[in-house]
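Line by line, the protein sequences give chains A and B. Residue 0 is where the first sequence starts when you use numbering that gives the first Met the number 0, and the numbers rise one by one after that. Residue 0 is where the second sequence starts when you use numbering that gives the first Met the number 0, and the numbers rise one by one after that.
Since the hints were made in silico from the structure, they are not lab data. What you are looking at is a predicted structure, and each value in this text was computed from that prediction instead of being measured. Worth double-checking, as some hints may not be accurate.
What the hints assert, rightly or not - Computed far set for chain B versus chain A, every beta-carbon distance over 12 Å:
hint: 1; residue: G38
hint: 2; residue: L91
hint: 3; residue: P196
hint: 4; residue: I232
hint: 5; residue: S297
Said to hold, decoys possible - To be clear about the criterion: a stretch of chain A counts as covered by chain B if any three or more of its residues have a C-beta under 8 Å from a C-beta of chain B, and this derived list gives those stretches:
hint: 6; region: 25–36
hint: 7; region: 39–46
hint: 8; region: 70–78
Stated by the list, open to error - In silico DSS-like links for lysine-lysine, alpha-carbon gap of 30 Å or less:
hint: 9; chain 1: A; residue 1: K67; chain 2: B; residue 2: K283
hint: 10; chain 1: B; residue 1: K77; chain 2: B; residue 2: K325
hint: 11; chain 1: B; residue 1: K77; chain 2: A; residue 2: K67
hint: 12; chain 1: B; residue 1: K283; chain 2: B; residue 2: K77
hint: 13; chain 1: B; residue 1: K294; chain 2: B; residue 2: K283
hint: 14; chain 1: A; residue 1: K67; chain 2: B; residue 2: K294
Cβ coordinates follow ideal geometry from the N, Cα and C atoms, glycine included.
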Amino acid sequence: MVGMGLIMMAISWLGVLLIWRGRLERARWYLWAAFLSFPTGFIAVLCGWFTAEVGRQPWVVYGLLRTKDAITPSLTGGEALFSLLSYIAVYAVIYSFGFIYIYRLLRAGPVSVPESAAPATPSRPLAIALRERPE
Amino acid sequence: MSAPDPSGLALFWAAAIAIAILVYVILDGFDLGIGILSGGAGNETRRESMISAIAPFWDGNETWLVVIAASLFGAFPKAYAVFLPAFYIPALLMLFGLIFRGVAFEFRYRGARSFWNWGFFVGSVVAAFVQGAAVGAMIRGLPVAGGYYTGGTFEWLAPLPVLTGIGLILGYALLGAGWLVMKSEGELREWARRRIPGLAIAVLVVMVLAFAAALVDRERIGTELAGRRWGLIFPVLSLLAMAGVFLGVRWRRDSMPFLMTAAFFASAFMTLAVLFWPYMIPYKVTVADAAAPEKSLSFLFWGAGIIVLPVIAIYTAVVYWVFRGKLQHGGSPSSPDTAPTKEH
Chain A
0 MVGMGLIMMA ISWLGVLLIW RGRLERARWY LWAAFLSFPT GFIAVLCGWF
50 TAEVGRQPWV VYGLLRTKDA ITPSLTGGEA LFSLLSYIAV YAVIYSFGFI
100 YIYRLLRAGP VSVPESAAPA TPSRPLAIAL RERPE
Chain B
0 MSAPDPSGLA LFWAAAIAIA ILVYVILDGF DLGIGILSGG AGNETRRESM
50 ISAIAPFWDG NETWLVVIAA SLFGAFPKAY AVFLPAFYIP ALLMLFGLIF
100 RGVAFEFRYR GARSFWNWGF FVGSVVAAFV QGAAVGAMIR GLPVAGGYYT
150 GGTFEWLAPL PVLTGIGLIL GYALLGAGWL VMKSEGELRE WARRRIPGLA
200 IAVLVVMVLA FAAALVDRER IGTELAGRRW GLIFPVLSLL AMAGVFLGVR
250 WRRDSMPFLM TAAFFASAFM TLAVLFWPYM IPYKVTVADA AAPEKSLSFL
300 FWGAGIIVLP VIAIYTAVVY WVFRGKLQHG GSPSSPDTAP TKEH
């Protein structure tokens, strides 16, 4: 998590330096580095989460309650396995679709974005506000 | 057995949770109901209008579910500790249902539309079913010993919970149809209005069957209602409200079916409250038993109770005020030019 934070800082400060020198748009290596840094936030969150959860064991409330004492008495291994596998399945479906849609947006590029995401999709409350406003 | 009376703060939180449940059921009820009805929308234009009728509201409605869970966890940890293990699989299925239908609002405009239409419909049906099944399992009485749930994984698939689950699917669909009549005009309004009498009759039939199932399966059920004959006013009110639903269709009053269905839900909810009181987990854990220590309740009261709850109530009210009136007919992102002018 800390390492990712340092990478993020290094990239952003380097970017400031390049802007200051007026070379930001032409530094291809830097633009690639900025592009490839997109998962750093996600990796940082996961690492921090793992550190907290694994580091706290065998306590669930540090110094007060052991993990083995905190478990739900009626919970069966089958239920836990079912819930874990179904979470994985549900997120796999949703994130796969999400990745495809994000990929399409990236492929389309910034120019066509205003057209592809029209301001009046009914899923946006704003769209209803625009359409429902009395004359 | 003489249980201690709940403290004032415990009563405040019990009332807050009860109100939040009722608000949730009516508000998320109509948008889940429209998801249920969307399975039989027939064509994409109608489905589009149906989704437009709930687009500004549905996610705000679901915040009430968070209020319920968080308040239960904070104020009544012992009830939470029975409720969640008892409904481990249903709670999971409800989350998946809500995830799929929630994502469908956004994803159906980006591709694989029929898959997400299906996700919107099935997610709504599943969420409604497990909520109803949980109510049925509560009426039937959960097996609890020493403060822990001792039943099996599928307690919620007994005959009575299955019937109440189906009943809630139909009840939510009825709320959704009422909402469409209130919020739309023209073809969609007529389409929704035609569905109301059949749905209302189906709700009544399932309620009668559920009542019979409860009588057959009554060894766990408490006898509180017998000692509170005044409580019978609520089932009577719910029947009157249901009569109002039919009259609203006949008189062609646009708001009446929805409001009467909401009144039906409120009086059915009060019937359960009279049946369950003073229990939070029916016939096993009372409100006083389940309450957190006074210090926690008081801490929650000064933070969540008098600041967060009013804020949620206010933004809910503001959203409904901003988006009041009829939905414009036929608007869709692919054909914004077909939207005619607004009438009032």
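What are the numbers of the hints the structure violates, in ascending order? The structure conflicts with hints 2, 6, 7, 10, although it agrees with all the remaining ones.
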